[in-house]
Every structure is written in C-alpha cells, then in structure tokens.
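*Asks:* Please arrange chains B, C and D on chain A, whose structure you already have, making use of the hints.
There are 4 protein chains.
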Amino acid sequence: MEIGFIGLGSMGYPMAENLLKAGHALAIWNRSREKGEGLASQGARQAGRPADAVSADGVAITMVADDAALESVVLGPDGILEKLGPGGVHVSMSTISPALSARLAELHRARGSHYVAAPVFGRPDAAAAKMLFVLCAGPAAACERVRPALEAMGQKVFPLGEEPVHANIIKLGGNFMIMSVIEAMAEAMTLGEKHGVPREKTMEVLTQSIFPAPLFVNYGKQIAAHAYRPARFKLSLGLKDANLVLGAAARAQVPMPLAALMQGRYLAAVAKGRADLDWTAAALNVAEDAGLDPGDGH
Amino acid sequence: MEIGFIGLGSMGYPMAENLLKAGHALAIWNRSREKGEGLASQGARQAGRPADAVSADGVAITMVADDAALESVVLGPDGILEKLGPGGVHVSMSTISPALSARLAELHRARGSHYVAAPVFGRPDAAAAKMLFVLCAGPAAACERVRPALEAMGQKVFPLGEEPVHANIIKLGGNFMIMSVIEAMAEAMTLGEKHGVPREKTMEVLTQSIFPAPLFVNYGKQIAAHAYRPARFKLSLGLKDANLVLGAAARAQVPMPLAALMQGRYLAAVAKGRADLDWTAAALNVAEDAGLDPGDGH
Amino acid sequence: MEIGFIGLGSMGYPMAENLLKAGHALAIWNRSREKGEGLASQGARQAGRPADAVSADGVAITMVADDAALESVVLGPDGILEKLGPGGVHVSMSTISPALSARLAELHRARGSHYVAAPVFGRPDAAAAKMLFVLCAGPAAACERVRPALEAMGQKVFPLGEEPVHANIIKLGGNFMIMSVIEAMAEAMTLGEKHGVPREKTMEVLTQSIFPAPLFVNYGKQIAAHAYRPARFKLSLGLKDANLVLGAAARAQVPMPLAALMQGRYLAAVAKGRADLDWTAAALNVAEDAGLDPGDGH
Amino acid sequence: MEIGFIGLGSMGYPMAENLLKAGHALAIWNRSREKGEGLASQGARQAGRPADAVSADGVAITMVADDAALESVVLGPDGILEKLGPGGVHVSMSTISPALSARLAELHRARGSHYVAAPVFGRPDAAAAKMLFVLCAGPAAACERVRPALEAMGQKVFPLGEEPVHANIIKLGGNFMIMSVIEAMAEAMTLGEKHGVPREKTMEVLTQSIFPAPLFVNYGKQIAAHAYRPARFKLSLGLKDANLVLGAAARAQVPMPLAALMQGRYLAAVAKGRADLDWTAAALNVAEDAGLDPGDGH
Chain A
343 MEIGFIGLGS MGYPMAENLL KAGHALAIWN RSREKGEGLA SQGARQAGRP ADAVSADGVA
403 ITMVADDAAL ESVVLGPDGI LEKLGPGGVH VSMSTISPAL SARLAELHRA RGSHYVAAPV
463 FGRPDAAAAK MLFVLCAGPA AACERVRPAL EAMGQKVFPL GEEPVHANII KLGGNFMIMS
523 VIEAMAEAMT LGEKHGVPRE KTMEVLTQSI FPAPLFVNYG KQIAAHAYRP ARFKLSLGLK
583 DANLVLGAAA RAQVPMPLAA LMQGRYLAAV AKGRADLDWT AAALNVAEDA GLDPGDGH
Chain B
343 MEIGFIGLGS MGYPMAENLL KAGHALAIWN RSREKGEGLA SQGARQAGRP ADAVSADGVA
403 ITMVADDAAL ESVVLGPDGI LEKLGPGGVH VSMSTISPAL SARLAELHRA RGSHYVAAPV
463 FGRPDAAAAK MLFVLCAGPA AACERVRPAL EAMGQKVFPL GEEPVHANII KLGGNFMIMS
523 VIEAMAEAMT LGEKHGVPRE KTMEVLTQSI FPAPLFVNYG KQIAAHAYRP ARFKLSLGLK
583 DANLVLGAAA RAQVPMPLAA LMQGRYLAAV AKGRADLDWT AAALNVAEDA GLDPGDGH
Chain C
343 MEIGFIGLGS MGYPMAENLL KAGHALAIWN RSREKGEGLA SQGARQAGRP ADAVSADGVA
403 ITMVADDAAL ESVVLGPDGI LEKLGPGGVH VSMSTISPAL SARLAELHRA RGSHYVAAPV
463 FGRPDAAAAK MLFVLCAGPA AACERVRPAL EAMGQKVFPL GEEPVHANII KLGGNFMIMS
523 VIEAMAEAMT LGEKHGVPRE KTMEVLTQSI FPAPLFVNYG KQIAAHAYRP ARFKLSLGLK
583 DANLVLGAAA RAQVPMPLAA LMQGRYLAAV AKGRADLDWT AAALNVAEDA GLDPGDGH
Chain D
343 MEIGFIGLGS MGYPMAENLL KAGHALAIWN RSREKGEGLA SQGARQAGRP ADAVSADGVA
403 ITMVADDAAL ESVVLGPDGI LEKLGPGGVH VSMSTISPAL SARLAELHRA RGSHYVAAPV
463 FGRPDAAAAK MLFVLCAGPA AACERVRPAL EAMGQKVFPL GEEPVHANII KLGGNFMIMS
523 VIEAMAEAMT LGEKHGVPRE KTMEVLTQSI FPAPLFVNYG KQIAAHAYRP ARFKLSLGLK
583 DANLVLGAAA RAQVPMPLAA LMQGRYLAAV AKGRADLDWT AAALNVAEDA GLDPGDGH
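For the protein sequence lines, the chains are A, B, C and D, in the order given.
Just so we're on the same page, this note's numbering is the position in the first sequence counted from 1, plus 342.
Just so we're on the same page, this note's numbering is the position in the second sequence counted from 1, plus 342.
Just so we're on the same page, this note's numbering is the position in the third sequence counted from 1, plus 342.
Just so we're on the same page, this note's numbering is the position in the fourth sequence counted from 1, plus 342.
FYI, nobody ran anything at the bench for these hints, they're computed from the structure.
Please note that the accuracy of each hint is not assured.
When chains are identical, the list treats them as one kind, so a pair holds in a single copy or across two.
Unchecked claim - Calculated cross-link-like contacts (lysine to aspartate or glutamate; reagent style EDC-like; alpha-carbon spacing at most 16 Å):
#, residue 1, residue 2
1, K425, E505
2, K543, E505
3, K563, E546
4, K576, D467
5, K498, E546
Bound conformation, chain A alone (with noise of 0.2 Å):
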C-alpha cells in the first residue's frame, strides 16, 4: 500500500528516498513541488495537496518544519487528518512541541484514526545514510504496522510505548543535551585559550580522554575552529529547538537553568545575525564575553 510522505526538506528527502529504496509506493508532498521531482524520477506519485497524498486507513509520514508547518499539513483546509479516516496512521517524524503532539493524538483519536510520534535523531547526511535514530510512541497496533517504514528509515527504532508525547520529549531532552555539550565545550576551550592553550589541543585531549564520542569529535572539531559554514543544523532550528524544551518545561513546571541559557545564546546570535550559521555558532558569543574577537566562523 502507498505511504503518504510529506515534507522533503532536508531530512526529509532522503528519508523518503530510503523508502522508495525499501520498496515502498509513495505518494509525495512538498510546498514547493519541484523539490519532489527527484523522488517522482525514481517512481513516487506527486500530490496536489497534502491530503491527495492520503488514502483513507493508509499511511501518512509527515517531516516538516515546525508546528505550524505541521498544524498546516494535518489541520488546514488540504491537511491529512480528515482523509485518513479510521484505521489510518499519522507518522509524525518532525521535532514539535509535546502540547501539539498531545493536541494531534486527541484530534486523531477522535476520528478514529491513530497517531505516531516518530521523531529522529541525526542530521540529513544520518538521514541519507540510513544512520537515523528513530523514536516512536503511540498506539500498540499502528507503531507495529509502521515499524517496516521506520525501519527502511534508520539505524535503529526505539518503541516508546502508548503516549506520543513520551517520544517528542524524549528527542527534546537529547537536542538539549547536545546544545548543553556545545556550551560546556565552547567554556571550556575560551577558558584554555585565554590561558594560552590552543583550542584544538583542549578538545583533542579531551577526546582522546575521557570524551571519546563522536559528538565531542565532531562538534569540538567545528568549535574548536570556529567554522560554522555551511550549517550542519542551523542556528535557528537550535533556537526553535531552546524554545521548545522551554516550552515543554514550562508546561510541566520544570526549572531548566541550562536550558535557559542556550536560549539566550541562540537569541543573541540570531540579534547577531547569525541564524543561518551552524547551531554550534553559539559558541562565538563565549568567545565574545571573553573579549576575544572570533569573527564570525567561516
């Protein structure tokens, strides 16, 4: 049975191409239509609006921007929710807030219809790769029925149980997690370096020691160099991301001091006009209140 895909930015072209690659028939989705005409050369059926993309009790994947692009897609006058019906299942693989999570599984549930969070880590080159990780949480019946497409998607699936919600703040705690990492490496670097220890000497003892992941590697490589071109993840998406977590925190009365202070890092770089730099461009701004002038990454 066809699998509505929409959304094929960066992440989600390549997730889609996997499923073509898998033997999926997809039906595709995207605002501008010509970023589908590769997956459409390679056999996906092109749609009009999101809900052609939909049979009724069918599949539909979405992978977009933001809530709102998602609220558009599922609940506005050409949105999914309507088509799929009972028995369909919504995919939901974009990072969004908890609240609107909970929102879609009401208004799915209500219609008879089920819906999945499924959202992932790793960036497009994990996507291409099949190197994601995919969480997924949502009803017992339609994760197993999805599993198939998650899996031509990623590395490794994690099922998460009944409540959506669990699998959105669950990727929500690991982004804040790595913004939290970028922090901590970007201090302690400016602290070496107005000690006159190289930056890269810091990270590279550091990861040889006691911080041998590869996220340390990479991200401190990147730091280390201050080269933010071009964005891996964009600094916007890691403001977007901050807002989230706070959001989600809010919601649940959660203090998160650390996670206050990446917002203000990702708030004045983007006043500084860095929102298209990569995420990790944050730490300019530690460099900065150290009186070191870092430029602005290349």
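*Replies:* Below, chains B, C and D without anything else, positioned relative to chain A:
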C-alpha cells in the same frame, strides 16, 4: 633512583602501588603514616616528613587533596622545595589551581629544580587499574625524565608543552565538562519524569543513540536511580573543582555561566548536607526545584 | 455616554467603582455575574454578554486575567470587536502579551475602531485608593477621548505615543524590575542570615540608607518575615508575567538572563505548590537552596 | 587625642577632611605622600609609615582599596597592628572580605586592641558632602568611643552589634543589590529599545511611578544614555565587589545566581577593556547580546 611519593589517599595509594609494581623504588610520605603500611610491606620506604622522601636532584611526586595541602608539603617547614635543589623534579599530580601551579613553577625555577604539572583523569578504580589519563606539562627534559613513571600509572600520557599551567587548565576544563553533562542529564531526565517518562527510559534511549560513551552510561544510571552512595567522587570535591574552575576563569577574565550554575548546584548540595554523597547528587536539586521529592539518594 | 467595563476581578471592580464615583455611566460585564452586584446597586447596568456592555462608536474598557480571557471577550462570539465599529475605542488595561496587543490593534484598525493599551501599575489596594499609575498608548484622538476615564482610575496617566505595544512593554519592564528586586533582596537577606545577620536587620539598614523607596520597605518586610499570606499579588501571576516578559524578549531577540532566572524561581514555586502565595514567595527557594528551612511562609 | 587616618584615595581624602573640619586632630598616611598635602596644610600631621600615624591606645581609621592593601597597612612590617596595643581601636572602613574582617578582629582581640568594622555607603561626592551612611559593628565600648568620629564623616551611623563581620556582610548585600538593579534596568531598557521604546522613556515612566528613588533616577539616566565616563565608581571595583559577595556566599554556602550573573557581566566588561568605565557599563553587554551596537559609552 628512588622516587619520593607524597600523598597516599584514595588516588595516591593505588598510583604509588603501580609504581612499585613497575619496579620503581619508592620513598613515601602521608599525613597519617598508617596509610603507607601496605606499600611499606611491598618495599616502599616510609619517610618521617615530606622532605625526607626526597633526595637532592631526585624526583618527587605529589598527589594531595588541595592547594593548601600541596603548599604544606612543598613550601612548609618540612616541605620538599628546598630539598630537591638543582636538577630535581617535582611532579604535581593533584587537581589544583593554575595560580598555585604557576607559583610553584616559578619557585622551582628560581632554585634550579623543575616543576611538572601532571594532573590525571580517572577515579580511584581507574587508578588501581592503571587506566588513568595523565596530562603532562613542564620543561621538556624533566617531562622526558619522569615519563616512565607516569606511564606506569596510567593508560596514556598526553605531552602538553612547557607551560605547567596548561595541564591544569585542561584538567579543570575536563572536570567542568563532566559537571555540565551531569546537569544536562539531570535536567533532561527531570523534564521527562514530569511528562511521565521514566528516568531510566530517557537515559536508555539517549545512551543507545547519540550519547553512547561510557561516561553517559555510567553517570546516567546513577542519576536515573538517584543512587549517590557510596560516593565515587565526593560532592565536596565537585565544589572544590567548580571553585577552581571559576577562580581560573576570573583570573583570565572568562565569564563561564555554566560553571557558575554548577557552583551554585554544589553550594546548595553542601548546604543541604550532601557533601559526602557522589557529586552526581547535584541532580537532587534539579528534581527538587521541579517539585519532586527524590529523597537524599541511596 | 455609557462606558462598557469588562472584567470585575480584584483590580477591575475597584477601578469600575472609581469610574462610577467620578460620574461615568457604566455598563458592566463579568464572567460570573454576581461579582457585578455591588456595582449594579450603585447604578451600573449589568450586561448579559460582553458585546451588550458596549455601544457602537462607544468606549469599552477591558480588565481581565490574561491573553486567553481577553481574546474571549474581544474576539469570541459574544465579543466586543464587531460591536464597537467605526469610531469606537477599546481601552485594554490588562497585563497581556505585546503580541496580542499588536494583533488587536490591527483588528480594530481594520474595522475603523481604535485600540488603546492602558496597563496599570498598582495592586488592588492602590486601585481602590485611585492610586494606580496608568500607561496609555494608542491613536492620539482615542487617547484624548478616554483620558478623563483613565484619570478617574489612577493618580497619574503617562501618555506614551501612538503605538499600543509600547505601553505593554513598559508595563512588563516594570513588573520584571520588581521581580528582580525581590530576588536581589532575597539573596542579600539569605547571605546575611547565614552569616548571623537577622533578615530584618539587613533590610532595615538598606531601606534607611540607599533603598528608601516604599517598594523596598514593603516587599522587604514581607520577605524578611517570610510572610506570604494572604497574597497581594499571586505567585501564579508572577509566573504569568515572567512568561510574558520572556515571550516579548524572544519576539525581539533580547536575551534576558535575569528574567530567565525569575521564571525559574516561579516555576519552582508553582511546582512546590506555592501558586497561591504572594509572588515574593520566590524568596523561599533562595533560602532553601542555602540549606535553610523557611517553611511555606505565613 | 589624635586619630590616625590611613588611606587618602577618592573616598578617604574627603572623609579625613571632614574629620579635620569637625575639630579632630589627625595623623595621616597614604602610599603616595603627596595625596596628603592638602590635609597637611589644614593641620594634619603626615606620618612616614602607617604605624607612625597611630599611637598606643589610640584610634586608627583605615580606608584603603582592597584586602591586600588593608593587610599591608595593618599586618605589614610598618603596619598598625602591633602599635595600637591594649585599648587601641582599629576602625576599618574599606569594603573588604568578611573573611579578612573576621581575621583582623581575631588578631586585634589577641593583642587587647579592638576591631570595629565601619564600611560606608556613598561615593566620593557623598563623602565630600558628609552624606555617607556608616555601618558600625564591633565591641560596644569601642563603637561608642569612635562614634563622634563616624558621625563627623556621614549623615547617619547604623549600630550593628558586636560582630564586625555583620557590617561587612550588609555592606556587600547593599552593593550587590545596586548591581542587581543595574542589570534589571539594563534588561528592561533593552527590551524596550528593541520594541521601539526609547530607553529614556522606559526609565522616565518607571522612575515617576513605581521606582521613584534617586538611585533609580540617577543610574537610570546613565544607563539610558550609555554615559559611562567619567566613572563615579569604576567597573573594576564592581568586579571586586562581586567577587567579595561570591566569596562570602561560598563561605556560608549560599547559592546566589544573581550575584553570579553580575560577576559574569563584570568579567565580560573587563575582558572587553571597560575596567575604567563606570560600573553601570555592565549594561553595554546587555545591549550587545541583543545585537545592538551601543559603542563603549561616552
């Protein structure tokens, strides 16, 4: 030639033992003499005062609790400074302030002796298993001379140039990053907990995906279970290290808001009577601020 | 001409009463009708729905709890927006988001009616005593028209130009500064307390020297005595205002670390069940973090 | 009887002059002798070293830059400690660490002399105008003895009991609160500015309504205009005070996140070369973080 080893606490003892095992002759000294008995039975010579553990032109290793203890064994009336003399090498392995490190380097230089800063990453179990990471900075010839001893105590030695302070700064940077990771995990797990996600589940997913490093796995388990007894690294030492980091930051005019946050966590923990818990117990405050009642760990 | 007054809570009621006393004819509406009985007995006309309190081309004053309540009475099916029509004036006196203020200004403009933002400084006792400070921003003619009404409710009216949002921003800035002062006093008193200085003594000296303003005297006494009942301004409203400040800051890309700190204090307080205490009860967390046990106030 | 007055900087000079005007005989000492010439021409005796300004059983007043300077004039080879002897009184008016205050109190006690902590609120112009607020804590008889001298230097003396440290703590608490108010005003004005509200307008409204105190008016004007030259209180002194506050907080195990925030602001300012601007220049960083370019003040 006999090496003088000063300081036989939970770190120093197994380090000295590894030196003995590697065939080095040792003279040892500890504030409470009985701590040295086990090593004496393996052939170490117990000295009556720090200076007596050291020979002119020899090598002295210090592994003591803090700045004050180091000042005492080096600069005090029974201290090693005057005894070492021209050609002698002082290998300072404690986690101390860069300011004291710089001062000792200067004092040694004025006497023709050499100061090598060689702080380590790893806790007592790593020391026992010879799995420490050893940083090493100081005059090249002195570093070369003590390298076999350092290699007998750890899995890897990082040569860091001629400036002793650089080793201390990287050591503090590393400890600061661990603190930061503890805070980040605590906030992420508390966010999850208040949305209904079990703490263990949050960490399980994150450590099986983007944070696979042992540090995240091990600390994550402790924090998820609020298991802070017995302490592997006491919270009071975490506070000491946070103070050292902020002192070094102030000295070099580096605002480190994340380090300041962590100092606050440790101050709160100590004020609440948690000085002897593991330093991961900073996570208790995160949970309490969210209205949870995690108790005092177990 | 009859003024429509919507919202008769602890602020709105005495404000409306002062309008009556000044000779203004009033039509009133409140979600729970019985709140209006005292004013009805003084001659106010009780309307069945918000729109019925308002006449075409008339003046409507709203003083409601928050953004949602304001949206409901303005934009809801019984709302005042369509009723006011060309020439009508909506005077919005609640503490709301600048975003909503801007949106309402636009909606009114499109219909030929006028939107005036007129938030106030002062708590219910100041409202009763006609001691409010009233900010006023909006179209000049509309501000002029409603000035007599505003003057009947406060001790001073500040004209702030044509842009309604400006009044909202200054109002939020003022509330933020009060929050900040509460935190500063709480930290200073806790520092003193743990050095043996009675909390009252710290405040007595500071308010008789460099901080003689009533705000410091009055809040200082509450915080010194941990006296948070009854609430003069509920902590839940403090959280609401902190959220509005941070929302406005995010919208304009302004990192406000002190505002973020205060939001964290209020989240912690609400999470600990203190939503109904006075907002100065944020000081409890300051004391608790220092290992003191201040109880929950009295 | 002649009073010894040590330290004739921008504060000490006018304070000593007021003592002379009130009829007290003075012996004076300053690191650079020429600073004392104006007072010598008014009858003060210039001493060659601190100890020579003091008579056994006499009264010595110190008003020096910091802990190190005070240690030097009290405990150094030319210091006053041994000279004062039984019955002598040391009135310590500088802003210093509570730790040093406690230590000096102890050293005096052991010699039969008395230590009185008498820090002041007010800047040089207030010192000249005899408008200082003087805190006073120490042995009752000693406080009584020096009261006329204190009253000759300020508008009000606050007796604060027998424990000298209490006066130092309240002094630091007051300076901390001023810092906090500076930050709060800077954030509020920056929030306004980025929404189109002139900085002066925000402060005008707030100081004519809820914050009428002179401190808000005067600091507010400086911050609104980014007018930081000449410094009335240097930013480097603000950093010194923030460090003293945090040191006292650490000593008593009190997390003070707002004080930590302010230390960060001062570190950033000093790192950016602003040590000699007025301490309100911390506000520059607030504006810069919001992407504004306020220059370096004027």
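*Asks:* Could you place K425 and E505 in one of the four classes (within, between, both, neither) given a Cα distance threshold of 16 Å?
*Replies:* neither (23 Å within a copy, 44 Å between copies)
*Asks:* Between K498 and E546, at a C-alpha cutoff of 16 Å, which is it: within one copy, between copies, both, or neither?
*Replies:* between (30 Å within a copy, 13 Å between copies)
*Asks:* If the cut is 16 Å between Cα atoms, do K563 and E546 qualify within a copy, between copies, both or neither?
*Replies:* within (9 Å within a copy, 27 Å between copies)
*Asks:* Between K543 and E505, at a C-alpha cutoff of 16 Å, which is it: within one copy, between copies, both, or neither?
*Replies:* between (45 Å within a copy, 13 Å between copies)
*Asks:* What label fits K576 with D467 when the C-alpha limit is 16 Å: within, between, both, or neither?
*Replies:* This pair counts as within: shortest intra-copy Cα distance 14 Å, inter-copy 41 Å.
Hint 1 from the list above is the single one not met by this structure.
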